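Novice: Dock chain B against chain A, hints included.
Protein chains in written order, with this note's numbering: chain A, 1 to 393; chain B, 1 to 464.
The hints are simulated quantities; they were obtained by calculation from the structure and are not laboratory data. Among these hints, one or two may not hold up.
Distance windows between CB atoms, simulated [what the hints assert, rightly or not]:
1) B:Ser140 - A:Val42: 24 to 34 Å
2) B:Asp94 - A:Ala156: 52 to 62 Å
3) A:Val42 - B:Thr37: 46 to 56 Å
4) B:Lys376 - A:Val42: 56 to 66 Å
Since we're looking at a predicted model, the values are computed, not measured. Idealized CB from N, CA, C, for every residue including glycine.
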Amino acid sequence: MRTLLVGCLLAALPVLAAELPPGDVLLKLEAEQYGAAAGVAVVSVPGAAGGSALSLSPEGMIVGAVKLAPGRYTLLVRAFAPAGDQDGFFIDIARARTRRTAPIGRWGVLALPLEAPGEEPLAVAVIGQEPGVVVDQLAVVRGAFKDDEVDLAKLAPTMKAGQQQGLENLSRLQLPARLRELPAGPFVPGAQTLLHEPFESVPGGATGRTSLTAGKWGQALYLGVPDGRYDVAGERVAWGATGTIEWWVRPRPGQRLWEDQGWHYFLYGAPAAPDGLRLDLSRHPAWGLQLAVTAGEVTEKLQLSTNRADPQQWHHLLVSWDLRGDRQYLWLLLDGAGLASYFPRCLPAPAFRSLQFGNTPAGSGRPWLFMDGALDELLVSTSPVSDRLEALR
Amino acid sequence: MRPLALTLMLLASAAVARAADETLARQAEAGLQAATTFLTTRVAVGGGYLGTYLPDLSDQWGEEHATRDQNWIQPPGCPSVGVAFLQAWEATGDERYLRAAQQVAGSLVYGQLECGGWDYIVDHSPAAAKAWYYRHNRGSADAALKRGRNQATFDDDVTQAATRLLMAVDRALEQRDAPIHEATLAALEFMLRAQHESGGWPQRYPPSGHGYGDFFTFNDSTIADCASTMMIAARQYGDPRYAAAVAHCGDFIIRAQLPEPQASWAQQYDFDLQPAWARRFEPAAVCGGESIGVMRLLIEIALFTDDAKYLRPLPAALDWFARSRLPDGKYARFYELQTNRPLYFTRDTYLLTYSDADMPTHYSFKVAANPEAVAKTYQELVAKGLAAYRQAREPRALTAAQREAAAVALEPAVSKAVAAQDAEGRWVTTSGGAIGGGQPRLDMQTWERHFKTLSDYLKLVKGR
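With the rest of the complex left out, here is chain B:
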């Protein structure tokens, strides 16, 4: 082929591609707008959301069945929908998304408990006002409004996710929404208060004096979510107490590391810093599941504090992982103290046993942990040093060519998201969420994924 002809063909195809980009960008923007309109005008209650809805909005769920008046905090509930709106605002600059995120933050302000944290749900029904002692009722003359539940949870990223969304909205609004700003600081004060003098965070706070909820909890990333929330707060507000809380948490993790030759961590600790039983299928034991997350958290704390002492527990912990892999390549969730034998439970009777022949199916007693990835990061950190490693992973502005390449790479997913949206702006799926398989639903996790895809694409296309 002659060079001139080849050049003309390339120019023509580039022009087609550019036109397709603009069309897709318009479709993506229209998709975000339609979805946002549907969510804010049809779905939201008090500005907040649950996790799953029937397409006609006749029924709804969070982690479990919920009423129409309720919002769910645990992702993919209220805070994560708010994050999706913020992503759309950052990508487009369109104020409608910021207003939508502000409404979600408003629902969290409404549902903030007097203690400063959140329970799993926020209930906007008048009848529920007495079931929880909400912070907005502090000044009420009605004593009945102050007798309700006032214990917040850090389980399932509840209080942490709510606080992070409030911080994000507060930053986006440049602290101009006084109730949101004030509620955010109250939530952060609550998290400081909830951190035990040992540096650990419990699963629930204030303590009830009963059960395992008062204990320090690595399960479901409880402590990691608290620490990462404090890191964001420290960067955003500059209050040194937030940074100190992160370091204090790191010190707790160092102290909580179990002695050699089982230098890993338990899933939960009591006030004596001893491994503790939680639910009947969660024994006081060495944990092969959550300990990976604990090591990752130590790395983040070391990077945040610029203190390599938080990396010191890793070699022994990685050595324990190297010695504890099961023959099938997985790890047991629990290993016996001293003997390091894997622990399981019997299905019907919940008896602790060494046998994996008859395990309950509702819980992962074996996990596919990846300590090699942690080891690789640790080796890189040691080789480069904390400062250089931190600098190397900081996001850099993309060049125009890089942006274009990234946008092109996203286009199949954007096209898929656009095509999957119906005329009402809904994404109807048959999987995900808390209801039975096969039934059409609006699953907020799916919506959040599509929001992110479309927002990421528009951000690249618009060069924001």
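One chain only, chain A, in its complex shape:
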């Protein structure tokens, strides 16, 4: 998800389109002002201003905020749909959502009326729906316009790239993280191992439709539709302020889970106490693969794109934490690559009542959100993953 906050004042804009009176272009953004991010990829498309534009996946989002004097404006979005199943996306204006479709096979400028109620910044978001729709430019102009009435190519950008902040000044940050190497064979339990489950037979804790199937190594546990789940009782594990949970998964290839638009649960860590640490790992088109770690009102999140994961292959998932100091750490890795997050101390050490794999948390009141696939080689250890990571370049 890409988030951008732009404060835009009414006056003094440098270059104006021939069609628009001076001062009426309040915001104009080019795709080149963004980098690649989860759900938003810079792609080269003929006809895009500057040659490149942003391709939105279902979990992609471009967010901005404009500060406008009361009045009527138009949000303009220059967009392109490669095909009829790659044209739908949403536009949120002040949380009111409209579904629009980009022109198929050509560039077009979609116009949406904006009503600025007052001096408060107005949030505007372009949100992916059907994968592949391409957005080149965004603009906010004064007055009412129809689709394709304004040539955005003639409006000069009105926003400069943001200033860099020194990392040392940031109290919280997310950075790429990568394992030096993926486990090359079945896990070998060590001194730090709290739990190792190779799934060579159906383990206790397997509920609903479950069966054995061919695994990454040996056998694996298949969790079927709609109610298959594997629960690990929390009392089997001596939880601590540091720890790692890692396992291999292979969702049923035919469903194309890694790129689909469904909501699927991989892991839920149920707290032993009501205000204890809760751990959610699920995939949803709005956020991709997301690790949400919650205690009371506090939630820390890490989100990864999974669209490039091969549905035919086994994939390694790893969740890790180090909550010891004033600066706390979380990691989420898919196939050894992902994100590390640090933030000021806000989370207690975990004490999970249970770990639940592959379906909706028990007692959550939610519908089945099945992974529909196999688990192999589960390992829970007291070590944070930091010692196994490549150094940042």
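Specialist: Relative to chain A, chain B alone:
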């Protein structure tokens, strides 16, 4: 009143009515001619059409905003305008309508993808020639013309409607237009190729390897439109492969029926024949909406194949419907596998939930399905048998009295259509189509309705 006086009065009123008929028939014919002239000389691009235009033709839409150079395939676009012309030709015998339909077919031939199917739009602009790999560019030496999109869609009755219109024009022309005849057979070959070995049709073909477009799709009657197109093809061309495709589709539907106690169907299936997620608000679930159409399709397949095995899924499916009605009388579009609880989504976040308190408004998460009508048809079929039921519903030639009665019944609608037409032959409305409410427009759905009304009337009056 004396009998003689009464007779004279009845004769006089009958004569007045007859005169009014002839006047209205002349007006209807003039209306069709004027509308056709306006469409073919002012609106058509490459012989084809979009769905909605501003009255001065300064802007236009299909399902979304379109350029002047584009035709839209999804009804009420190109094929359905062609059908309207054919109806007028059949009603009047006037060749101008057949020529107009032939031009629409020509636009479809131009826009047929190399694979044999169609995308949502046909673009006649030179710049678009490289965006799609059109079939007419197969022999081109310019490689750039062969790199464009070449994936057809069965969504929204696109490829199916285009194929049906080509078949109808090919029949009307008695296969004398070689490009149209050849394109029609190519489209049918494409549909045979697109049918998966399981018997289902995907939403898109050829498969992309990504997303739900490759999956077997009941949503928006995708499979039903494919099967009904194949039925028409089988009757028209007699190729046994078309009939076999229909039966194969029926076999797919039988296999796709979910197990008891949820013996209905999902909206979409993956290659393992498992219910599949499609868009983020279309979960892998039992479907209370499309399953009505699936049952109707099974009935049609049973009648077409004369094989009652295709009716066997119905009792269990109807039983599921009887158990799944919501307290408000409607059905949820989606029901959870195993629990059969209705499924909904939250408006802003698209989270799957059991609650209907905060649903998005752009999609029907509750539907007014009518399984009772399907049950009634099924009971009639069982009582009469397939052959007798089929025979009973075959159209019969009307007697002169029946034709007259039907014409009289149509007259208010004909008068309304004639009165609504302006001097240029246009029907200008303020509703319908893809643009905002209240704005005057030429909505092709409205035009098609008026064409049908006038054609039906003229057919009755002319006794054709």
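Novice: Tell me if the beta carbons of lysine 376 (chain B) and valine 42 (chain A) are separated by a distance inside 56 to 66 Å.
Specialist: holds, 58 Å
Novice: For the pair serine 140 (chain B) and valine 42 (chain A), does the Cβ-Cβ distance stay inside 24 to 34 Å?
Specialist: For valine 42 (chain A) against serine 140 (chain B), whose Cβ atoms are near 32 Å apart, the range 24 to 34 Å holds.
Novice: Per the hint of 46 to 56 Å, is the separation of the Cβ atoms of valine 42 (chain A) and threonine 37 (chain B) within bounds?
Specialist: Taking Cβ atoms as reference, valine 42 (chain A) and threonine 37 (chain B) lie about 50 Å apart, which means the hint holds.
Novice: Within 52 to 62 Å: is that where the Cβ-Cβ distance between aspartate 94 (chain B) and alanine 156 (chain A) falls?
Specialist: holds, 57 Å
Checked against the numbered hints given earlier, this structure breaks none of them.
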